[in-house]
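*Asks:* The residues making up each chain are set out below.
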Amino acid sequence: MSGRTRAGLASARALVQALAYLAPSLLVFAVFVFYPLVRNAQLSLYDTTPFGDLSRFAGAGNYAELLRSGEFLGSLRVTVLFAVYTVPAGLVLGLPLALLANRRMRGIAAFRTAYSFTIAVSIAAAALIWEWMFDPNVGILNYLLSLAHGPRIGWLTDPHWALPAVAATTVWQSLGFNVVVLLAALQGVPDELVEAARIDGSGQWAVFRHVIVPAISPALFFVGVVATLGVLQSFGQIHILTQGGPVGATNAIVYSIYRNAFFNFRFGLAAAQAMVLFVLVLAFTTLQFAVFERWVSYG
Amino acid sequence: MGIKVTRRQLLRAAGAAGLGAAAGQMRVPSVSAQTPVRIAFWHAMGGNLGETVIRAFVNAFNASRKDIQVTAQFQGSYDDLVNKLRASIGSSSVPAVSQVYDIGTRFMIDSKAVVPVQNFIDREKFDLAQFEPNILAYYRVGGRLYSMPFNTSTAILYYNKDMFKQAGLDPNRPPRTFDEIEASATKLVRSGATRSGITIAIYGWFFEQLLARQGALYANNGNGRDAAATAVAYDHEEEGARILEWWARMVKSGAATNPGRPTAASQRAFAAGQTAMTMDSTAVLKSLLTQSGGRFQIGTGYFPKPPAAATGGSIVGGASAWILSGRPSVEQQAAWEFVKFVSAPAQQAAWYVGTGYFPVRRDAYHEAVAQQTLAQYPQFLTAISELRSSPINRATQGALLGVFPEARQKSEDAIEATVLGRKTPQQALADAARDVNQAIAVYNRTMGAK
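Here the protein sequences line up with chains A and B, keeping their order. Take the first sequence: its letters are residues 1 to 299, numbered as in this note's numbering. Take the second sequence: its letters are residues 1001 to 1450, numbered as in this note's numbering.
Worth flagging that the hints you see were computed from the coordinates, not collected in a lab. A virtual CB, placed ideally from N, CA and C, is assigned to each residue, including glycine. Be aware that a few hints might be false.
Calculated cross-link-like contacts (lysine to aspartate or glutamate; reagent style DMTMM-like; alpha-carbon spacing at most 20 Å) [stated by the list, open to error]: (1) Lys1112/B with Asp53/A; (2) Lys1252/B with Asp53/A; (3) Lys1340/B with Asp1079/B; (4) Lys1340/B with Asp1127/B; (5) Lys1084/B with Asp53/A; (6) Lys1084/B with Glu1051/B; (7) Lys1340/B with Asp1122/B; (8) Lys1112/B with Asp1226/B; (9) Lys1165/B with Glu1180/B.
Between beta-carbon pairs, the in silico distance windows are [stated by the list, open to error]: (10) Gly1294/B with Ala120/A: 33 to 41 Å; (11) Ser1092/B with Val189/A: 52 to 60 Å; (12) Ser122/A with Phe1074/B: 16 to 24 Å; (13) Ser1093/B with Tyr298/A: 36 to 44 Å; (14) Glu1051/B with Ile140/A: 42 to 50 Å; (15) Ser1287/B with Ser122/A: 21 to 29 Å; (16) Leu93/A with Glu1237/B: 49 to 57 Å; (17) Glu1051/B with Ala184/A: 37 to 45 Å; (18) Gln204/A with Gly1293/B: 52 to 60 Å; (19) Asp1079/B with Gln42/A: 43 to 51 Å.
Sample of chain A residues facing chain B (criterion: CB under 10 Å; computed from the structure) [to be verified]: (20) Thr48; (21) Phe51; (22) Gly52; (23) Arg56; (24) Phe57; (25) Glu71; (26) Asp135; (27) Val138; (28) Gly245; (29) Val247; (30) Gly248.
Working from the sequences, and respecting the hints, build out all of it.
*Replies:* Listed below in structure tokens is the structure:
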């Protein structure tokens, strides 16, 4: 009896201790995440004045307006497409670069720096660089195309090309981060493991497929999740390159939220969109954990 | 060859202007000389030149008076500035005076957070006789001047005279109607002088200007000037569809290039000699002259209108200075002193030759820097002549709409959908009108606008 009480006391003490350690981060989360989340949920149920004050209770009115508006459904579609264009491409391009950078040779530091330098480039700067390259008249892309007698493409003004163009900018900018994370993981793969596989007669591909990929699978998973979360919240490159156009082809959801809240002064509507985005991100992340984490070996 | 008026000359002009003004306009009882009244001036003039000239104005003003110290604070784009202003209204961070773009006028009035400059004008019988009547007509609402026009512009046509010569067109006679522009652009492309006859950015302001050039209203209730607008008007008129038809037809035939929405792209194309004509604000004249680096001659012409249109004209664009009521009255008075200073002839002349925005008052043209620049670059006269030749009526006064930023964006959607062949002009304008009318209804309801 007394033993159990003592155990209970001990666990209560442990709980208090844990809470004490967690308090600073809980406080920060409460102020900057939980409270705004609750207020945002409230805001989404109201009509608002252009100053952001609650004007009148609208119930599900804002949500109903979203579902009725083709623009919102279009922005959902664009957001999902954007993730599909960028996340796999970032992994598929990042991994070979990381493998190359993982070689041991003279001067490799220069290559490592080159492959990962975009981590130091802000998305706004990246967008400005690419905007020049995309320029239909004076940009280098169309110049190269003209050398090959190709057509002149309105990269940012043709609805078919605009989203791929913004995605290319995003992939380029995110490559640096991907390379850094994957390279770190590759360097953590024990040499004995690779050597043992070689001695057993495995070829390059088999070693890569059955030794290296499983060994770095936590990093691959991490990059995938982080990239998805990031891409679902993309804003800067869209704001700079296309402002959501042409004809809504790049009107991803965060950009649409920005326009409604800080340009159209429709805070209630924007809050409702933000709630939908929240659910979307939650669903995506849950899905990733449910489906892909099975292949991750933390051993 | 760069421009003859250097930045240093410009700053000197601005500085001299400050000293001149110091002698003239002082002695207002409510601003005493003991501890200086400190006020903030918010503005959206980014870029090297804009910020440099504004800083020069502020320094000159501060040097000229002991009783007031102004701090200029750059707030980003016009849109960003209005956002920050909106957030600051009702709080202690509201500035004493702020620049706000033309289309923010209705919102600023409805915010009830401003002091109309008319109050100060009446109190000290400030003389507006030298001010351009077309400019005052835009900023007067219900007969009262709410804000002081500061940087004013209209949209004009820019063309490459060398390409015109090459194509066998008269380089001294810019096309003036929709038909002439289309014919010239087609000829320019056919002759091989250029691949692109005209490059027009998808900018809602151009649509507004092209409506006014035809004497058509943008919104009901006299462009929102007889009573608060409740709907846009362009979906019922033929003038709106006529603009979109013309625009889309030229893009389709290859006479015109669509550079997307940012005017930066069309400016780049024009300055790089990749297109023979472009439409833009007169405010980019200086920048185009510099960017093109004298590689070709730049001609300027009036903004076009359809051949038949007669009663139309241009709307003044740009921004004005607003005095906020959230500050104590001594600060409001200090803000007024600063507003008077920046609208004085010397500052307006310095601003004019530095940018291309034209002066808000006529006597600014007598200033030496203005005379010098006009002698060398007559292009600086086009915009103001265009404005002065515009009759003043509800169409050319421009629309007042609380949701103008959103409305402008919706008209850009309509232009884009038409130019890309997704919608007919009528359908595109009807869709835009439906969205904007809904936004107007929400605005009028939540703001209690009548």
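*Asks:* Determine for every hint whether it applies to the structure shown.
*Replies:* Status of the hints after comparison with the structure:
1. Proximity of Lys1112/B to Asp53/A is assessed by CA-CA distance (about 15 Å); at most 20 Å being required, the pair is judged to hold.
2. Proximity of Lys1252/B to Asp53/A is assessed by CA-CA distance (about 46 Å); at most 20 Å being required, the pair is judged violated.
3. The straight-line distance between the Cα atoms of Lys1340/B and Asp1079/B is roughly 25 Å, outside the 20 Å bound, and the hint therefore fails.
4. The hinted pair formed by Lys1340/B and Asp1127/B meets the criterion: a straight-line CA distance of about 11 Å does not exceed 20 Å.
5. A hinted pair counts as satisfied when its Cα atoms are at most 20 Å apart, and Lys1084/B with Asp53/A qualifies at roughly 15 Å.
6. The hinted pair formed by Lys1084/B and Glu1051/B meets the criterion: a straight-line CA distance of about 19 Å does not exceed 20 Å.
7. At roughly 14 Å between alpha-carbon atoms, Lys1340/B and Asp1122/B fall within 20 Å of each other, so this suggested pair holds.
8. Distance restraint check for Lys1112/B and Asp1226/B: the Cα-Cα separation of roughly 19 Å lies within the 20 Å cut-off, and the hinted pair is therefore satisfied.
9. Proposed proximity of Lys1165/B and Glu1180/B is supported: the alpha carbons are some 16 Å apart, at most 20 Å.
10. The hint said 33 to 41 Å for the Cβ distance between Gly1294/B and Ala120/A, and at roughly 38 Å that hint holds.
11. One distance hint, 52 to 60 Å for the beta-carbon pair Ser1092/B and Val189/A, holds here, with the actual separation near 58 Å.
12. In this structure the supplied range 16 to 24 Å holds for Ser122/A paired with Phe1074/B, their Cβ-Cβ distance being about 19 Å.
13. At about 50 Å, the CB distance of Ser1093/B to Tyr298/A disagrees with the hint of 36 to 44 Å.
14. At roughly 30 Å, the beta carbons of Glu1051/B and Ile140/A sit outside the given window of 42 to 50 Å.
15. The beta-carbon spacing between Ser1287/B and Ser122/A, approximately 25 Å, falls within the hinted interval of 21 to 29 Å.
16. Judged by the Cβ atoms, the range 49 to 57 Å given for Leu93/A and Glu1237/B holds: they are separated by roughly 52 Å.
17. Range check, Glu1051/B to Ala184/A: about 42 Å between beta-carbon atoms, so the 37 to 45 Å window is met.
18. At roughly 55 Å, the beta-carbon separation of Gln204/A and Gly1293/B lies within the given 52 to 60 Å, and the hint holds.
19. At roughly 26 Å, the beta-carbon separation of Asp1079/B and Gln42/A lies outside the given 43 to 51 Å, and the hint is violated.
20. Interface restraint check: Thr48/A against chain B, minimum CB-CB distance 7 Å, threshold 10 Å, status holds.
21. Checking Phe51/A against chain B: minimum C-beta separation of about 6 Å stays under 10 Å; hint holds.
22. With its C-beta approaching chain B no nearer than about 8 Å, Gly52/A sits inside the 10 Å limit, and its interface hint holds.
23. Taking 10 Å as the C-beta cut-off, the interface hint given for Arg56/A holds, the closest approach to chain B being about 8 Å.
24. Taking 10 Å as the C-beta cut-off, the interface hint given for Phe57/A is violated, the closest approach to chain B being about 13 Å.
25. Contact between Glu71/A and chain B, as hinted, is supported at the beta carbon level, the nearest pair being about 8 Å apart and thus within 10 Å.
26. The beta carbon of Asp135/A is positioned within 10 Å of a beta carbon in chain B (closest approach about 6 Å), and the interface hint is therefore held.
27. Taking 10 Å as the C-beta contact cut-off toward chain B, the hint placing Val138/A at the interface holds, the least distance being around 5 Å.
28. Because the smallest distance between the Cβ of Gly245/A and any Cβ of chain B comes to about 6 Å, under 10 Å, the interface hint for this residue holds.
29. With a least beta-carbon distance of about 5 Å to chain B, the hint placing Val247/A at the interface is held under the 10 Å criterion.
30. About 8 Å separates the beta-carbon of Gly248/A from the nearest beta-carbon of chain B, less than 10 Å, and the hint is met.
The structure is inconsistent with the numbered hints 2, 3, 13, 14, 19, 24, although it conforms to all the rest.
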